[in-house]
Each structure stands twice: as C-alpha cells, then as structure tokens.
Amino acid sequence: MSESLSKEQAKKLVDKYAEDAIRPMKNHKGFLPWMGFLGLVMVVFGYAYYIQLTEGLGVTAMRDYVSWGLYISNFVFFVAVSLVGMVVSAVLGLAGQKWVKPITRVSEIIALGFVMVAGLVIITDMGRPDRFLNLFMYGRLQSPIVWDVTVITTYVAISTLLFILPLIPDLAFIKKKMKDMPVWQYQLYNILSLGWIGTPEQYKILHKSIRMLSIIIIPVAMAIHTVTSWLFASTLRIGWDTTIFGPYFVAGAFVAGTAAVIIVMYILRSNYKLQDYFTDYHFDMMGKLLVLVSLLYAYFNINEFLVPAYKMKTGEAVHLHTLFQGVYAGLFWVVQIIGMGLPIFFMIFKHWRKPNNLTFIAVIVLIGAFLKRYIIVVPTLLHPHLPIQNVPEEFHHYFPTWIEMAVTAGAFAMSLTIITILLKIFPVIPMWELAEEKGITEEFEKYD
Amino acid sequence: MSDNNSNPNSRRDFLKIGSLIGIGAVAAGAAGYAGFAAQDGKEGHAGEAETALSDSEKKIKVLTEDGQLAEIKASELSPVQKDEYTSALQEQGREGIPGKHWVMVIDLARCRNVRACMASCQNAHHLREEQHHINVLRMQDAEHTEPYFMPKPCFHCDNPPCTKVCPVDATFKRQDGIVLIDNERCIGCRFCIAACPYSARVFNWFEPKNEEEDQDLLYNVELNVPQKKGTISKCLFSADRLREGKLPYCVSACPNGVYYFGDLNEDAVTNGTSGETTRFSELIRKNAGYTLLPELGTKPNVYYLPPKNRMFPFEFNGKTTLEDEHHG
Ligand code: SF4
Ligand code: SF4
Chain P
2 MSESLSKEQA KKLVDKYAED AIRPMKNHKG FLPWMGFLGL VMVVFGYAYY
52 IQLTEGLGVT AMRDYVSWGL YISNFVFFVA VSLVGMVVSA VLGLAGQKWV
102 KPITRVSEII ALGFVMVAGL VIITDMGRPD RFLNLFMYGR LQSPIVWDVT
152 VITTYVAIST LLFILPLIPD LAFIKKKMKD MPVWQYQLYN ILSLGWIGTP
202 EQYKILHKSI RMLSIIIIPV AMAIHTVTSW LFASTLRIGW DTTIFGPYFV
252 AGAFVAGTAA VIIVMYILRS NYKLQDYFTD YHFDMMGKLL VLVSLLYAYF
302 NINEFLVPAY KMKTGEAVHL HTLFQGVYAG LFWVVQIIGM GLPIFFMIFK
352 HWRKPNNLTF IAVIVLIGAF LKRYIIVVPT LLHPHLPIQN VPEEFHHYFP
402 TWIEMAVTAG AFAMSLTIIT ILLKIFPVIP MWELAEEKGI TEEFEKYD
Chain B
8 MSDNNSNPNS RRDFLKIGSL IGIGAVAAGA AGYAGFAAQD GKEGHAGEAE
58 TALSDSEKKI KVLTEDGQLA EIKASELSPV QKDEYTSALQ EQGREGIPGK
108 HWVMVIDLAR CRNVRACMAS CQNAHHLREE QHHINVLRMQ DAEHTEPYFM
158 PKPCFHCDNP PCTKVCPVDA TFKRQDGIVL IDNERCIGCR FCIAACPYSA
208 RVFNWFEPKN EEEDQDLLYN VELNVPQKKG TISKCLFSAD RLREGKLPYC
258 VSACPNGVYY FGDLNEDAVT NGTSGETTRF SELIRKNAGY TLLPELGTKP
308 NVYYLPPKNR MFPFEFNGKT TLEDEHHG
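Chains P and B, in that order, give the protein sequences.
Sequence positions in the first sequence follow this note's numbering and run 2 to 449.
Sequence positions in the second sequence follow this note's numbering and run 8 to 335.
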C-alpha cells in the first residue's frame with residue numbers, strides 16, 4: 002500500500018490527520034456554555050443530594066416494598082452503556098474489522114465516562130454513604146455487591162489502560178506538533194507518552210499489549226454486567242428469579258452502548274467536521290451492528306416474557322399482568338415496540354442507517370434502554386410473595402421524586418463532563434492507527 | 008501478665024458483658040431457658056432487691072459472657088467504658104446463646120387480629136407506626152377458600168437469603184438461629200430487603216421515631232434500639248428478652264394463645280398466653296404444622312398451625328392500608 006502513496010501524499014495525509022485530531026481539542030464557541038450547563042445541573046444535583054443526606058432516603062419515593070428504584074436502574078444503565086468500549090474496541094478489533102478503528106477511541110471514552118460514574122451512582126442509593134468504607138473493612142465474598150465492586154474496579158483499570166496505551170504514539174506526536182499548549186498539558190503528554198520514539202520494536206510491544214488487553218477485557222466486561230444482573234437474579238423475587246438474566250443484561254448492554262456510540266459519533270462529526278473519519282459507511286456499519294445486537298436482545302426478551310406468560314404461574318401471572326395490561330403496560334409496550342421492535346424494523350433499510358436517521362433511532366433506542374432498566378427494577382418489587390398490608394397507601398406504588406430525578410440528571414451530567422473533558426484533552430482520532438493502515442507509519446513518526 | 012494484676016483484668020473480662028444490664032433481670036430469669044413458665048409477665052421484680060444493696064460486702068449476681076450465672080462482691084463491681092460496653096454487647100449479640108435453636112409456632116386457628124403483638128413489638132423496638140417487625144396479614148389462599156389472619160414475623164431462616172447478600176456482614180445468623188442486624192455497620196444498601204422473600208425487613212427512611220429521646224441510649228444489637236436512620240430493622244425474636252430468659256414481646260402480649268416459643272434442641276415450646284410448655288414435635292405433628300413457601304428453600308424457624316376449627320368467626324373491617332398520612 003505504501004507504494005501507492007508518494008512521499009508528498011503521505012505528508013499531506015499526516016498533515017490532515019494532525020489538523021483533524023487537534024481541532025476538537027481547541028477551544029471553541031460551544032464549549033463553555035456546554036460546560037456551564039453541565040455545571041449547573043451538577044449544582045442542582047448537589048443541592049438535591051444534600052437534602053437526601055440530611056433528611057434521609059425518605060425524600061425519595063422508595064419505601065419498604067419498592068426499596069430499590071430509579072437509582073438502581075440508573076446504576077444498571079450506566080454499567081450497560083460502559084460495556085460498549087468492549088464490544089467495539091475488543092470484539093470487533095480482534096475479529097479483524099478494520100472499519101472500527103476510528104470509532105474505538107470514542108467508545109473507550111464513553112465507556113470510561115459511564116463506568117466511573119456508575120460507582121458514584123451506587124453511592125447515591127446508599128442509606129449510609131458515610132459508611133462506604135465498611136465495604137472494604139468488612140467486605141464479604143458471598144455478596145454479589147462485593148463481586149460487583151471488584152469487577153467494576155477491574156474494568157475501570159483495564160479500560161483506562163486500553164484507553165491510554167493506544168494513545169501513546171499520538172500523544173508523542175501531538176507533543177511535537179501542538180506548540181501553544183499550556184505547560185501542564187505538555188507535561189501530561191510527556192508522561193503519558195512514556196518516551197515514545199516510534200521504533201519498530203516499540204510498535205511491536207504496543208501491538209502486543211493492546212491485543213492482550215483486548216482479550217482480557219472481554220471477560221471482565223461480560224462480568225460487570227453479568228454480576229450486575231445477579232444483584233437481581235440472586236434473589237427469590239418473582240420476575241428476577243430467572244436464569245437468563247446474565248446474557249439478557251449483556252445483550253441489552255450491547256444495544257444501549259452501540260446506540261450511545263452512534264450519538265457521540267454524530268455529535269463529533271457535525272461539531273468538528275470529522276466526516277472523513279465517521280463516514281456514512283461507519284454509520285451504516287454501526288446501524289447494522291445495532292440491528293444485530295437488538296435482534297439478539299429481542300430474542301432474550303421473547304424468552305424472558307413469553308415462556309412465563311405461557312405457564313402463568315401464580316406470582317408470575319400477577320407480575321406479567323401488570324406489565325402487559327396493568328399499571329406498567331404503557332411504559333412496557335412503549336419500550337418494547339418503540340424502543341426495540343420498530344428500530345429493528347427501520348434499520349433494516351439502508352435509508353435509515355444514514356447518519357441523521359440512524360442518530361435519531363439511536364436516541365430513541367437509548368431512551369428505551371433507560372426505561373427498560375426501570376421496568377426491570379420497579380414492578381417486581383411491587384409484587385412480593387406475601388401481600389403488602391398495614392402500610393400507608395404510598396407504599397403501594399412508586400414514582401421518583403424530584404430529588405431522585407435531580408440526582409439522576411446530575412449523574413448524567415458527570416458522565417458527560419468526563420467525556421467532554423477527555424475529548425478536549427485527548428485526540429479522538431487514532432492517528433497512528435490510521436497511518437499504519439495506510440502504510441505511512443514512517444512518515445507519521447518522522448513528521449515535524 | 009503477672010499474678011498481681013491478673014485479678015482486676017480477669018475480673019474485667021469476666022464482667023465485660025451482662026453485668027450492668029443483667030443484674031436485676033438475670034435474677035428473675037435465673038430459672039434459665041429450659042422453660043418459660045416461670046415468668047408469666049411478672050419479670051423484673053427480683054431486680055429490686057439488688058438495687059437496694061448498700062453493704063459493700065454483699066454479693067451480686069451477674070451473667071457472664073458465656074451465659075453462666077455468677078456471684079461477685081458488690082464492691083468489686085466496676086463499670087465498663089461506654090464504647091467498650093457497646094462493642095461487648097455487639098460481640099455478645101453476634102455470638103448468640105450457645106446450645107439453643109429458637110423456634111416459634113403460630114396457631115392460626117386462634118388469631119383474631121387483635122394486634123397486641125404488633126403493638127408491643129413496635130413499642131419495644133421504638134418503631135414508627137408503618138414499620139412492622141411483625142405484621143398480621145389478611146390471607147386468602149384461593150378464590151373459594153376462607154380468609155384468615157396470619158401474623159408474620161421474620162422467619163429466622165436456616166438458609167437465609169438476606170444474610171447471604173449483605174456485603175458487610177451487617178445482617179448475620181447466630182448459632183442459636185437468630186438473624187440479627189448490626190445497625191452500627193449496615194450501609195443501607197437494602198439488598199437484604201430485595202433478597203427476603205417474606206418482606207420481613209423494614210428500613211429507616213427518615214429519622215427514627217424516638218430519635219431525640221433515644222440519643223443517649225447505648226445501642227443494643229439484640230434490640231435494635233436506638234433505631235438508626237438509613238439502616239435496616241426487622242424482627243429479632245426479641246433476642247434481648249431471650250438473654251434474660253423471657254419470652255419475646257409479641258409472644259407474651261398475645262391474649263389469645265396464638266404463639267408458642269421455645270428451643271428446638273429441647274423440643275419444647277411454651278405458649279405465651281397460658282404459659283404451658285409442650286413438645287414442639289408433637290404440636291407440629293398433631294396439628295399438621297407447616298412452614299411458609301417451603302419451595303423457596305429458606306428453611307424457616309417459624310411454623311404455622313393451619314386455621315382449622317377456628318376459635319373465632321372471621322371478622323374483618325376490610326382495611327389493609329394505614330390511613331394516617333405519612334409523616335416526613
Ligand atoms: S424471613 Fe427474610 S429477613 Fe428473616 S431470615 Fe428469612 S430471609 Fe432473612
Ligand atoms: S441494607 Fe444493611 S443489612 Fe441489608 S444488606 Fe445492606 S448492609 Fe446488609
């Protein structure tokens with residue numbers, strides 16, 4: 002391939018990469034208002050959480066029966082979205098799908114942004130956050146919560162490595178190229194690029210390490226969501242007490258994560274003129290991927306709902322009745338049909354996999370995925386084995402209070418802040434990988 | 008340790024527990040745990056003799072850590088530091104009462120929804136009105152079967168799903184079968200609520216009921232008092248009363264003889280109303296006793312006798328919801 006590009010062409014190409022990679026990192030009009038907005042949401046979050054801390058979890062709508070609500074479904078959602086880094090960078094990468102190259106870094110950033118906040122989200126649900134350290138002082142191996150803490154921490158560590166390692170050559174490059182950056186930024190790049198000079202041996206080691214991490218992260222990522230599903234499946238509750246929760250959740254996570262990547266790709270593309278990296282072809286392929294994982298998810302849904310609905314065991318019957326035609330029917334059918342069924346149908350057509358259309362679908366799918374978590378968590382708790390009696394009326398239902406919503410919004414704002422900052426500090430275009438693909442690594446390294 | 012100071016030290020260990028609270032009550036409960044017939048609700052009076060002590064040479068009865076009754080000179084009695092004392096209570100609470108395996112039998116044929124059990128329980132544990140350690144439910148098994156009332160405490164399962172999931176060992180099962188909660192350790196994750204299939208657990212969503220009055224009380228893990236905001240509470244089989252050799256609060260409060268309580272190892276249960284002690288196995292065999300939702304594999308230690316040959320006609324006002332507005 003390298004023969005097909007002359008020295009001059011190669012230089013031009015590297016020039017272009019550099020320019021496109023650095024552009025999103027520069028300050029621009031929308032940045033400050035956006036950060037201001039996120040900051041504002043976080044201030045509201047802080048206020049709401051302060052109230053919760055002082056008055057107790059009673060300021061939420063949760064009570065003794067629905068004792069887990071929006072916070073836990075947030076947690077599941079955050080973990081779900083963070084799984085995507087794994088699908089795109091590891092699975093597809095290992096499978097030799099070259100087209101995912103420009104998307105890998107975006108998805109790693111999303112994964113980091115969400116998984117880091119997932120840990121905080123679970124703290125917002127705790128009745129005694131002041132005793133958080135008890136988890137480490139008295140942690141018991143029998144508890145799925147302890148497994149969850151363990152695997153999520155591991156996932157954060159490996160994801161961070163998998164994010165930083167492939168950055169090395171690019172950071173070394175930018176260090177040379179970007180003249181006007183502040184000292185701290187230069188220092189940061191200097192440290193993170195680990196004395197990279199781009200020798201073939203270094204490339205070899207880099208490739209090997211990335212490959213190894215990509216392999217390791219697959220089981221860890223599966224584990225974070227499988228274990229999260231066990232928070233439910235390990236109980237004896239109607240609607241949670243099922244054996245397919247692990248794969249069911251993982252499949253759902255693929256859907257949510259893929260949709261999230263599509264949305265961020267679209268924002269980057271239209272804000273920073275990155276059409277050459279996030280091309281129509283990429284959207285088309287991501288659309289196909291979304292169809293594939295959604296079909297898988299639909300398959301699990303059919304198993305999860307149809308089989309119990311066929312048998313109608315006493316407790317299950319009550320539960321399914323609520324979902325199919327009771328209080329939660331509206332939400333349930335919206336999520337299943339608008340959030341999953343219709344998107345699959347539309348995305349089969351190429352027209353709907355065009356960037357604008359696909360992003361529209363991805364937004365709907367992502368909202369659906371969020372509501373789906375809510376539907377998994379709440380209705381089950383309303384149908385315990387024994388009747389709910391001798392408690393106030395409010396114990397019989399659940400609808401989140403403004404405090405819960407503010408805390409939720411705050412969690413999203415935090416994730417988005419992390420993502421925004423990462424996108425500002427680090428180049429989102431993996432320049433060296435693109436250069437490598439074009440066979441112009443040498444020019445990339447010699448560039449000055 | 009040299010011989011010289013071994014004496015105060017060992018005494019301190021010896022007294023570590025029980026000495027302070029136990030003194031009066033222990034004497035009353037000194038009959039031990041073999042049967043509960045002795046008390047019949049007149050507990051606590053023997054303690055008065057002890058409190059009247061003035062002569063320093065008088066002996067005093069104390070309960071040692073391992074549940075032995077012992078005597079010691081009143082002049083040698085020295086109080087233990089508050090912190091030390093709380094943690095000693097904690098330790099004792101985790102250990103349980105050796106050699107026991109507590110069981111409860113609830114005779115549904117006698118229950119007429121008086122709810123004296125609920126009231127005495129809420130009173131003892133300083134619970135809000137919507138917090139039930141024991142809850143009398145109106146049950147109906149199928150469309151054409153007769154409804155009945157079913158008091159439902161925690162079942163102190165032998166395979167408790169709730170303790171398994173607790174990430175910090177704040178809820179635990181002791182050797183005498185009781186499942187307790189350490190409100191000083193609970194992080195309020197409420198995983199145990201999700202895990203308990205019998206909805207036996209409640210949470211302190213707000214400041215507990217007696218937040219201010221209870222401020223200076225020592226936390227007793229066997230009573231869950233003072234209740235702590237942001238933590239779990241549930242039926243404790245009145246572990247504090249058992250330690251004093253008394254029957255649980257609910258059991259002694261029932262006017263209709265619904266409850267039997269005792270030790271499975273001794274195969275003896277005592278009726279809280281009549282004070283009669285019967286063989287547990289016989290009671291269960293003769294009355295076709297059963298446990299609730301046995302298919303879940305939780306192995307409850309609370310047994311039910313079916314609601315047959317009812318003592319009272321089923322009367323019900325039709326209300327299963329607390330009417331009072333919830334107070335924040
Ligand atoms: S009844 Fe519930 S709270 Fe009590 S031991 Fe069994 S599972 Fe635990
Ligand atoms: S709420 Fe408390 S007792 Fe229950 S599982 Fe969590 S830490 Fe354990």
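The hints are simulated quantities; they were obtained by calculation from the structure and are not laboratory data.
A quick note: this is a predicted structure, and the numbers were derived from the prediction, not measured.
The C-beta atom is built at its ideal place from N, Cα and C for all residues, glycine as well.
Wrong hints could be hidden among the right ones.
Some chain P residues flagged as far from chain B (calculated, every beta-carbon gap over 10 Å) [to be verified]:
hint: 1; residue: Leu95
hint: 2; residue: Arg129
hint: 3; residue: Lys177
hint: 4; residue: Trp185
hint: 5; residue: Val221
hint: 6; residue: Arg238
hint: 7; residue: Met406
If we take Cβ atoms under 10 Å as the criterion, some of the chain B residues that face chain P in the derived model are [claimed, not checked]:
hint: 8; residue: Pro168
hint: 9; residue: Pro174
hint: 10; residue: Val175
hint: 11; residue: Gly304
hint: 12; residue: Phe319
hint: 13; residue: Leu329
Here is what the structure says about each hint:
With a least beta-carbon separation of about 34 Å from chain B, leucine 95/P lies farther than 10 Å from that chain, consistent with its non-interface assignment. The Cβ of arginine 129/P sits about 4 Å from the closest Cβ of chain B, inside the 10 Å cut-off, so the non-interface label is violated. Chain B leaves lysine 177/P outside its interface by the beta-carbon criterion, the shortest separation being 49 Å against a cut-off of 10 Å. Non-interface status of tryptophan 185/P relative to chain B is upheld: no Cβ of that chain comes within 10 Å, the nearest being about 37 Å off.
No beta-carbon of chain B is positioned within 10 Å of the beta-carbon of valine 221/P; the least distance is around 20 Å. Annotated as non-interface, arginine 238/P brings its C-beta within 10 Å of a C-beta of chain B; the closest such distance is 7 Å. For methionine 406/P, the non-interface assignment is confirmed: its Cβ lies about 18 Å from the closest Cβ of chain B, beyond the 10 Å cut-off. Interface restraint check: proline 168/B against chain P, minimum CB-CB distance 6 Å, threshold 10 Å, status holds.
Look at proline 174/B: its Cβ gets to within about 4 Å of chain P, closer than 10 Å, so that hint holds up. At about 4 Å, the closest approach between the beta carbon of valine 175/B and any beta carbon in chain P falls short of 10 Å, and the interface hint on this residue holds. Hint status for glycine 304/B: holds, given a least beta-carbon distance of 8 Å to chain P, under 10 Å. Below 10 Å, beta-carbon pairs count as interface contacts, and phenylalanine 319/B has none with chain P, the closest being about 19 Å; its hint is therefore violated.
With its C-beta approaching chain P no nearer than about 5 Å, leucine 329/B sits inside the 10 Å limit, and its interface hint holds.
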